[in-house]
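Given the structure of chain P, go ahead and fit chain C onto it with the hints provided.
Listed below, chain by chain, are the residues.
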Amino acid sequence: MSKNQSLHKKYSKYYSQNQKILKKLQKALKGNNNEAATALQAQLDNFEKEFQIVRNDKVRYLSELNEKDSKKLHQLSEQYDALSIERSKWMEKANLRVAPDGKLKTLRHLNKIGQRKGQKYVRRMIKVAEKMQDLENRINHRNQDIMQVEENKFVPLGFWARLVKFWKSIPYEKQQKIWGYIFCVPWVIGFLIFFLLPISESLWWSLNTVKPDKGVLEIQWNGLNNFKSLFTDYVDAYGNTFATVLANSLVSLTLNLIVVVIFSLIIAVLLNTKFKGHAFVKAIFFIPVVFNATAIYFATEGLGGRLSSSMSGNFTIANDFNNLLRNMSLPDRFTSFLVTAVNQIFSIVNMSGVQILIFLAAIQSVPASLYEAAKMEGATKYEMFWKITFPMVSPIFLTAAIYTIIDGFSKSSILGFYDIAKGQSAYGISSAVAVMYFLFTLVFIGAVYYIMKARLFYYDEK
Amino acid sequence: MTKNSQVLTNLKKKINAIQLNIKETIKTPTKQRILKDKVADFFMNILKYVLLYGLCFIILYPIIQQVAVALRLPEDVNNPTVLWIPETFSLLNFRAAMAALNYWQSLRNTVVIAFGVTLLQVIVTSLMGYALARLKFRGRNLIFSLVIFTIIVPYAMISLPAYINFNKWGMVGKPITLFLMAGFGMGIKSGVFIYLFRQFFRGIPVELEESAQIDGANVVQVFLRVMLPNARGAIVTVALLAFVWQWNDNYFTALFISENNPNMSTLATQLQYLIWSIDQALRNAGYYAFIGQDISKNPFFFSMIQNAGGILTMLPLLVLYFFVQRLFVEGVERTGIVG
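Quick note, the sequences are listed as chains P and C, same order. With the first sequence counted from 1, adding 1 to any position gets you the numbering used here. With the second sequence counted from 1, adding 13 to any position gets you the numbering used here.
No wet-lab data here; the hints were simulated from the structure. Treat the numbers as computed from the prediction; the structure is a model and nothing was measured. One thing to keep in mind: the hints can contain errors.
[Said to hold, decoys possible] Computed cross-link-like contacts, EDC-like style, restricted to lysine to aspartate or glutamate with a CA-CA straight-line distance of at most 20 Å: (1) 4(P) with 146(P); (2) 169(P) with 228(C); (3) 51(C) with 146(P); (4) 275(P) with 50(C).
Okay, chain P solo, but in the shape it has when bound (with noise of 0.2 Å):
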């Protein structure tokens, strides 16, 4: 490689001052210095020796190289000849019709194997004569190239250039490959160090006591002493345990999940239908997608909350539906469900948003074929539902389900433990809390998914 990059860099030298040299000569010839040119041309007829033996260095060159390249070829079509004879024999064996034993099972054994053989022979020649084809190509290229040479019209391409034209030369499947990594490289080391690292520093750190000490981290192994103290000693601001924490954000998120998929789901197909302002309602229904909830915390809980329960102005949303609901005396224990079952939908709008963007788009993604043919049979809209729709979409339950539990575990209570240990620089603990709060989450989708996976139904469009 070195030798044909020194020559290709000589060759290249040499060519461009002879084009110099040209150009200059070519200038007088038009300016009719006569003195000048004769010069020039002398220069150029010694240059040209130089030259010459340069361009006859690279030639030889090259034909070296096609010398092997044929070589190569030679054994190439040897290795491929056998192959050829090897596989004519398996096939003689798979064209049998009369076994040598004269038994069916031999002969089938036989025909089977031949096959098989066979087959792998073949896709051996297929290699070997892309490789031959490959090498021919070389050698037809470099001898274009000597051709080139030795009329004194060969071009030397600049690094560029010949990085483009060996970049072309790679087949298209490759190139893909290689493009495939290198779209992934930025995400790969994103991962290592943002994200693996970190992990496995808080998996160790659980499994330690760690504190800060002066900007550096004392860690001293400690066993599962921290998931044992984050079980016995610590109480959140409410004075719950951590088992009673867990338990009860895990009963309203199983809860929160039932309600926000099935939610989801009918507010997708009430969507999906034509109606009067079409436009504006899926508009508003995915405010809460770009909503803040800090921000409109102060309005449902913090201000307004404060606000109507320390006085008689009516805030929230609840307590103008309650008297409303008084006002038309309806019984007390009514009013109190309706009310409850309006705040909950205020939250339970407010966490459905993406959800119901999964749906719809499934929704719309189910081949219009299917209802009309349910229609030329003469189905409800409800038999429609149920046989097409529902179905049709089972697969997207399992991706509202986890992205409902991701997003609901994002907000549990759990993290109260996590902020309090960190607020002690206790970093052993809250790691330990980030591991169960992780295994939980782990654990809740497993659970999930094995629920789910047999009762999904796909539709298999290939």
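For chain C alone, kept in the frame of chain P given last:
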């Protein structure tokens, strides 16, 4: 009189005809069924309208309420006669909230950080999504399962060690931490975006790509000229979500930047700490001079300013949302986030 009675008899005849008609329709089973369907449809429609518009109301209510409360004079906080429309309109709350939030600087920081992060997220996740959807290379499935893994792992697992590492590398308090994380595909919910892009690119027919290949396009050209223009919906969706989530994020932004460098705090982080900083900020801005003692001592006064701060934080986003809303909804519907 006669005229009246004539009209009456006419009406009676008409009613009788209609009744007959109904009776006849009820007799035949197919017509019966059609009628049943129609009635069911009618009630379903009513239910649909009530549900959808009711939910719209529930979503909009707090926003309207927030605005109504914020526009009041501070004196009217405790006034029970003022319900919706303020007695005297005043922008005093907004001005106070602006002072307390250090609004313009925070807004600038937020915009810069959110735009940078969004741009990086879109570039990196679209490349990854394309690679995972269409480019066949060894380890593709492994990388995809790792992407799913990053979605599942909660951020509490990462934040503290990451913070300590960043501190070690001297990057805490500078927005470059967030840019680096987004640029290396580890920003807020990058995994979800990669998944979304992958699903979308898988939905684009292969023939399109193949015809471009035959025309002599290489991989990058296919990606830039064929795939990206067709993925406009996915790009809008991802960009909007990335922008909004970064705008609203107060966890990572506070941890990596604002807690250590108050000059770089964003609107979301300012809002988070508003309750503690509000008093000092208002004093510095000289607001107590023209607000009476009895108001500044009122605990609801601070809440009101917080409320106004919430509106100010969300306002740019809402405006942006209503500009790109149509594209966003369209994009989502055509993404086919189907699994």
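Which of the numbered hints above does this structure break?
3
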